[in-house]
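Residue numbers (the working numbering), protein chains in the order written: chain A, 1 to 152; chain B, 1 to 152; chain C, 1 to 152.
Copies of the same chain are indistinguishable here, so a pair counts whether it falls within one copy or spans any two.
Below, a list of computed lysine-lysine pairs in the BS3-like style, where the Cα atoms sit at most 25 Å apart:
1. 130 with 7
2. 123 with 20
3. 101 with 20
4. 6 with 123
5. 20 with 130
6. 6 with 130
7. 101 with 130
Don't read these hints as lab results, they were simulated from the structure.
Because the structure is a prediction, the values reported are computed rather than measured.
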Amino acid sequence: MLPTPKKYFVTAAAAEGATKLNAFDNALLAARIGNINLIRVSSILPPGTEYEPNLVFPPGSLVPTAYGYIISDVPGELIAAAVGVGISRESFGVIMEFSGKCTEAEARAKIEGMIREAFDRRKMEVIEMKIAAVEHRVVHIGCALAAVPLWY
Amino acid sequence: MLPTPKKYFVTAAAAEGATKLNAFDNALLAARIGNINLIRVSSILPPGTEYEPNLVFPPGSLVPTAYGYIISDVPGELIAAAVGVGISRESFGVIMEFSGKCTEAEARAKIEGMIREAFDRRKMEVIEMKIAAVEHRVVHIGCALAAVPLWY
Amino acid sequence: MLPTPKKYFVTAAAAEGATKLNAFDNALLAARIGNINLIRVSSILPPGTEYEPNLVFPPGSLVPTAYGYIISDVPGELIAAAVGVGISRESFGVIMEFSGKCTEAEARAKIEGMIREAFDRRKMEVIEMKIAAVEHRVVHIGCALAAVPLWY
Numbered sequence: 001m002l003p004t005p006k007k008y009f010v011t012a013a014a015a016e017g018a019t020k021l022n023a024f025d026n027a028l029l030a031a032r033i034g035n036i037n038l039i040r041v042s043s044i045l046p047p048g049t050e051y052e053p054n055l056v057f058p059p060g061s062l063v064p065t066a067y068g069y070i071i072s073d074v075p076g077e078l079i080a081a082a083v084g085v086g087i088s089r090e091s092f093g094v095i096m097e098f099s100g101k102c103t104e105a106e107a108r109a110k111i112e113g114m115i116r117e118a119f120d121r122r123k124m125e126v127i128e129m130k131i132a133a134v135e136h137r138v139v140h141i142g143c144a145l146a147a148v149p150l151w152y
Numbered sequence: 001m002l003p004t005p006k007k008y009f010v011t012a013a014a015a016e017g018a019t020k021l022n023a024f025d026n027a028l029l030a031a032r033i034g035n036i037n038l039i040r041v042s043s044i045l046p047p048g049t050e051y052e053p054n055l056v057f058p059p060g061s062l063v064p065t066a067y068g069y070i071i072s073d074v075p076g077e078l079i080a081a082a083v084g085v086g087i088s089r090e091s092f093g094v095i096m097e098f099s100g101k102c103t104e105a106e107a108r109a110k111i112e113g114m115i116r117e118a119f120d121r122r123k124m125e126v127i128e129m130k131i132a133a134v135e136h137r138v139v140h141i142g143c144a145l146a147a148v149p150l151w152y
Numbered sequence: 001m002l003p004t005p006k007k008y009f010v011t012a013a014a015a016e017g018a019t020k021l022n023a024f025d026n027a028l029l030a031a032r033i034g035n036i037n038l039i040r041v042s043s044i045l046p047p048g049t050e051y052e053p054n055l056v057f058p059p060g061s062l063v064p065t066a067y068g069y070i071i072s073d074v075p076g077e078l079i080a081a082a083v084g085v086g087i088s089r090e091s092f093g094v095i096m097e098f099s100g101k102c103t104e105a106e107a108r109a110k111i112e113g114m115i116r117e118a119f120d121r122r123k124m125e126v127i128e129m130k131i132a133a134v135e136h137r138v139v140h141i142g143c144a145l146a147a148v149p150l151w152y
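Chain A extracted, bound-state conformation (with noise of 0.2 Å):
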């Protein structure tokens, strides 16, 4: 099998770029996730997992991650991303990411709903919740980006 993550950290950003995907890389050095190979992941922290915000990859590895973001090229329009980790006292946790126009505010609130509406339908009770959230107003094209990294 895939080896099963063992630390995470939540971080959020966002950036402009010339183009949508570069708005997007650039958001993602932002968010010090740059450099790596994100595969998407859908979206369970593993039991035991260690929160360690200072993590460094390896330039090029495949790191894991659950993740949101929003491209516009609307300028002045407000884009906001957030993901949200919710932490059970003994076993699993439950991601969520969510991006949209709106606030870093609206996201984060959005999020914790989220989080606990996941809790409630497993029967799970939340003892913490790690959220990173952001909001960006488009000068040109724009890219607000949410993601938490899964590693070794």
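Dock chains B and C against the given chain A, drawing on the hints supplied.
Relative to chain A, chains B and C alone:
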């Protein structure tokens, strides 16, 4: 290289949720793949992969999975998702996924046609198809999902 | 951790199909990556990765791949896809992908600009670019696809 999967099953389920991502999460739970990290793949059944309908995954595992889904927030709308695995006698198989605003029967028929074309194009013969399909009438926010998890 | 890839090539192809997913599947076959499980990555060439244009993958392998594609069911529409790998002298490279309703030449030019911006932003120098691009005039349902498979 990444280890090639050796087992699989097919699953389909639908659910409502308070948000689109929660509807997706709840459909994953209903399909028995809610507490893992899906890595989306596109979409071949490796040679010799065995069908194991009762697979249980350790929480948080990275699970290569072919899947299709549709999320709707239009009350009353009928949505459906289907996956199918076309199996050959001695070689690899082909996985197809579909989702749309239609019945389960229509989604299933669509998958059969897709698998036949995939085998024709490869000049291979289908000896069996395993299909999972589901339809759902949206109440508030609903998700129909069908998946082929691959495992070890 | 997941093993970091060591080899790559670039490929692009287009095809028609009876459905959108079959058009995609047929384009993958034409690009020589149709009988594997693509895991989509975003998008760095690990340091030291070697270019091997004749790579053959065991069927069903999990292959980390950066790719872009466009599917159209508008007869007569011109679609194109391109990928590019920007290579540095001593460090990692950057992969960019693009697809749109344009010519192959336009897609190629777009990729070059994207790679230049990605290197500028990282204060790195591009010493070489490998680009694969394709254009396709849609007959019924067509897919143009470009990919950078990473391997071991």
